[in-house]
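Asker: Protein chains in written order, with this note's numbering: chain A, 3 to 291; chain B, 2 to 315.
A few of these clues could be false.
Which stretches of chain A does chain B cover? Using the computed rule of at least three CB atoms under 8 angstroms from a CB of chain B, they are [as the list claims (entries may be wrong)]:
| hint | segment |
| --- | --- |
| 1 | 37-46 |
| 2 | 55-64 |
| 3 | 113-124 |
| 4 | 258-270 |
Cβ-Cβ distance ranges computed for the label pairs, FRET-style [unchecked claim]:
| hint | chain 1 | residue 1 | chain 2 | residue 2 | range |
| --- | --- | --- | --- | --- | --- |
| 5 | B | A283 | A | F7 | 56 to 66 angstroms |
| 6 | A | V213 | B | T135 | 19 to 29 angstroms |
| 7 | B | S35 | A | W129 | 34 to 44 angstroms |
Derived coverage of chain A by chain B (criterion: at least 3 residues anywhere in the stretch with Cβ under 8 angstroms from a Cβ of chain B; other residues may be distant) [what the hints assert, rightly or not]:
| hint | segment |
| --- | --- |
| 8 | 149-159 |
| 9 | 173-182 |
| 10 | 228-240 |
If you are wondering where the hints come from, they were derived from the structure by calculation, not from laboratory data. Fair warning: this is a prediction, and the values are worked out from it, not measured in the lab. The beta carbon of each residue, even a glycine, is placed where N, CA and C say it ideally should be.
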Amino acid sequence: MPEAFLTVLFLFINGLIWGLVVALIALGLALIFGVMGIVNMAHGDLYMAGAVLAFFLGPMLGDFWLGLLAVPFAIALIAGPIERYVLRPYEGHPAATMIATVGISFILQQLALAFYGGIPKKMDPPWTASFSLLGVDYPGYRLLVAAVSVAILVGIWFFLYRSSLGILIRASIEDRQMAQAMGINTSRVLVFTFVLGCVLAAVAGVLAAPVTQVSYLMGTDAALLSFIVVIIGGLGSLAGAVVAALAICSLEGVLSAILTPVQSKAAIFFLMVIILMLRPRGIFGHGNG
Amino acid sequence: MSWMNSTQLERVYSLGSLAVLFLLGLVLPSGARSLVVQIMVLCIFAMAYDMCLGFTDQCSLGHSVFFGAGAYGVVLSIVWLKLGLIPAILAGALAGLVVGIPLGVVSVRLSEAYFVIVTAIISAVFHLLAMDMTWLTGGDDGMSVSLPKLSLGLAELSVYNPYTNYYLVFILLLGSYWLLRRVLEAPLGRIFVAIRENQKRVLFLGYHVERYKLVAYLISAVFSGLAGGLYAVTLRYASADYFGFYWSVLPIVWCLIGGLGTLSGCWIGVALMCVFQYYVSAWFTYYLLIFGVLILVVLRVSRRGVLGYLATRR
Numbered sequence: 003m004p005e006a007f008l009t010v011l012f013l014f015i016n017g018l019i020w021g022l023v024v025a026l027i028a029l030g031l032a033l034i035f036g037v038m039g040i041v042n043m044a045h046g047d048l049y050m051a052g053a054v055l056a057f058f059l060g061p062m063l064g065d066f067w068l069g070l071l072a073v074p075f076a077i078a079l080i081a082g083p084i085e086r087y088v089l090r091p092y093e094g095h096p097a098a099t100m101i102a103t104v105g106i107s108f109i110l111q112q113l114a115l116a117f118y119g120g121i122p123k124k125m126d127p128p129w130t131a132s133f134s135l136l137g138v139d140y141p142g143y144r145l146l147v148a149a150v151s152v153a154i155l156v157g158i159w160f161f162l163y164r165s166s167l168g169i170l171i172r173a174s175i176e177d178r179q180m181a182q183a184m185g186i187n188t189s190r191v192l193v194f195t196f197v198l199g200c201v202l203a204a205v206a207g208v209l210a211a212p213v214t215q216v217s218y219l220m221g222t223d224a225a226l227l228s229f230i231v232v233i234i235g236g237l238g239s240l241a242g243a244v245v246a247a248l249a250i251c252s253l254e255g256v257l258s259a260i261l262t263p264v265q266s267k268a269a270i271f272f273l274m275v276i277i278l279m280l281r282p283r284g285i286f287g288h289g290n291g
Numbered sequence: 002m003s004w005m006n007s008t009q010l011e012r013v014y015s016l017g018s019l020a021v022l023f024l025l026g027l028v029l030p031s032g033a034r035s036l037v038v039q040i041m042v043l044c045i046f047a048m049a050y051d052m053c054l055g056f057t058d059q060c061s062l063g064h065s066v067f068f069g070a071g072a073y074g075v076v077l078s079i080v081w082l083k084l085g086l087i088p089a090i091l092a093g094a095l096a097g098l099v100v101g102i103p104l105g106v107v108s109v110r111l112s113e114a115y116f117v118i119v120t121a122i123i124s125a126v127f128h129l130l131a132m133d134m135t136w137l138t139g140g141d142d143g144m145s146v147s148l149p150k151l152s153l154g155l156a157e158l159s160v161y162n163p164y165t166n167y168y169l170v171f172i173l174l175l176g177s178y179w180l181l182r183r184v185l186e187a188p189l190g191r192i193f194v195a196i197r198e199n200q201k202r203v204l205f206l207g208y209h210v211e212r213y214k215l216v217a218y219l220i221s222a223v224f225s226g227l228a229g230g231l232y233a234v235t236l237r238y239a240s241a242d243y244f245g246f247y248w249s250v251l252p253i254v255w256c257l258i259g260g261l262g263t264l265s266g267c268w269i270g271v272a273l274m275c276v277f278q279y280y281v282s283a284w285f286t287y288y289l290l291i292f293g294v295l296i297l298v299v300l301r302v303s304r305r306g307v308l309g310y311l312a313t314r315r
């Protein structure tokens, strides 16, 4: 097989795996926006918080995977009160929630800077095996990340479409007022959805931590990408977020064969602009954005 | 305040502050004077932002693009085109407009949430590009510039003289305030306010809402460019940092503190924030932590800001 083709293939696979991680982040973003109309500017920082917590909790608990299980609880303790006591008054006003979450984003970043430090650190992957893929050594941990992400996405799908709480959440996305009128305890649904969205971002952070470097600003890049993804997929559309994440990230991976990282970001950006010109609510978007 | 209505209060307050600023230039020591010059430049930026969020209810998170474009418009036109100071400053405002037209055309017709996110993405991408294109922008290190003399027909003044610098900025602040006030009192400004109050109703009255929103967005872009240019002039320096997210968030905070939709209310916000930053960042490394808490507190306490609070207290 020609060398160039192999390179592109591996860039594509790398992009696809990164796309699965971004899908988790973007799904959280879309859930939070869909149910409560919050544009969560702090989402990237929750991703960062997940990675930083994994950096501390992993060694403390002695095992990376225990850390992965512990991080959601830690994030829930942070995100629950944020939704209930900080964001609740602004729900349904995208601009106000955006400003409030920018404040939260600054706070999270500075806390990470204070307790974690400004220097990016490397984390060892918990699984060092590597596979021979078409004659090239491929790190097994990345395949594991892909598998775990797919498992989580499937789990979320079952939760949203097959469980009673999931139905309540989807009903609240469809029509919040009507859901309330039908006797759904929307306050509980709101806190739960916000926590679920944040946990998704944080888990993505934990999974990505051994692949990328852990730094207090690592959320900025992920946030930019996941915002582009939800805009292209259509705000509040869950399937759109996942599909767009996979498509955009694998495209970015392939583009990086010929462009610098910044240039491929710019190319994705222009793609987004073109899609917005044709469909102002994104590809899968409908209803009120 | 019962003897004044809110328009009169705003008028007295803005003319009063302008008079105070005029006198301050004569008496301040040099350190404080340069702080006040910065405050005046950022006041122009804040007013420009208020045109967007305060008057047409378009919450942009991407105004750093215009600010940065203005700064580089000035610096590059001096370095490459050897323009004089006044033409260079105008080139800065023009740079804001040139960048604003395509971005405005794309984003103005989007609904609120899309608009917020798309403007944020735009500023992030411009920031990345500015950091990357070091041959044009100097990247993170930035570019210094030595300023040409200010030629006024008869006389030539050096902006390195602190008084010239101060009053140049002062006159541009005065001019911007006057122009924007005129726009807001014209029928155009009335339509802006109507769009803020009830966009659907304005649409039913037969106005082309998107077109008016675009006009407001572009006015905002031009004055943001002007402010960015002046900022580069006062610091004699521009860097890719001006495109950063922080510069998009600052104007929101200024306007929220001072009062949205009051045009000059944001001056209070700018002054408070600049003084706050000047003193707090000196002793507290994690100054942005306090900044974040401040955003939450201001948003909770009053959406009308200081001036709005005074105007409604009877």
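Asker: Compare the structure with each hint and give your call.
Answerer: Okay, the hints, checked on the actual structure:
Counting residues of the segment 37-46 of chain A whose beta carbon lies closer than 8 angstroms to any beta carbon of chain B gives 3, which meets the minimum of three for the stated coverage. Counting residues of the segment 55-64 of chain A whose C-beta sits closer than 8 angstroms to any C-beta of chain B gives 0, which falls short of three, so the coverage hint is violated. Under a criterion of three residues with beta carbons nearer than 8 angstroms to beta carbons of chain B, the stated coverage of the segment 113-124 of chain A is upheld, 3 such residues being counted. For the segment 258-270 of chain A, the stated coverage by chain B is satisfied: 5 residues place a CB nearer than 8 angstroms to a CB of that chain, which reaches the threshold of 3.
Look at B/A283 against A/F7: about 57 angstroms separates their beta carbons, and that is inside 56 to 66 angstroms. In this structure the supplied range 19 to 29 angstroms holds for A/V213 paired with B/T135, their Cβ-Cβ distance being about 28 angstroms. Take B/S35 and A/W129: their Cβ atoms lie about 57 angstroms apart, and the range 34 to 44 angstroms is violated. Counting residues of the segment 149-159 of chain A whose beta carbon lies closer than 8 angstroms to any beta carbon of chain B gives 0, which falls short of the minimum of three for the stated coverage.
Remark: the segment 173-182 of chain A is not confirmed as covered by chain B, as 0 of its residues place a Cβ nearer than 8 angstroms to a Cβ of that chain, below the required three. Counting residues of the segment 228-240 of chain A whose beta carbon lies closer than 8 angstroms to any beta carbon of chain B gives 5, which reaches the threshold of three, so the coverage claim holds.
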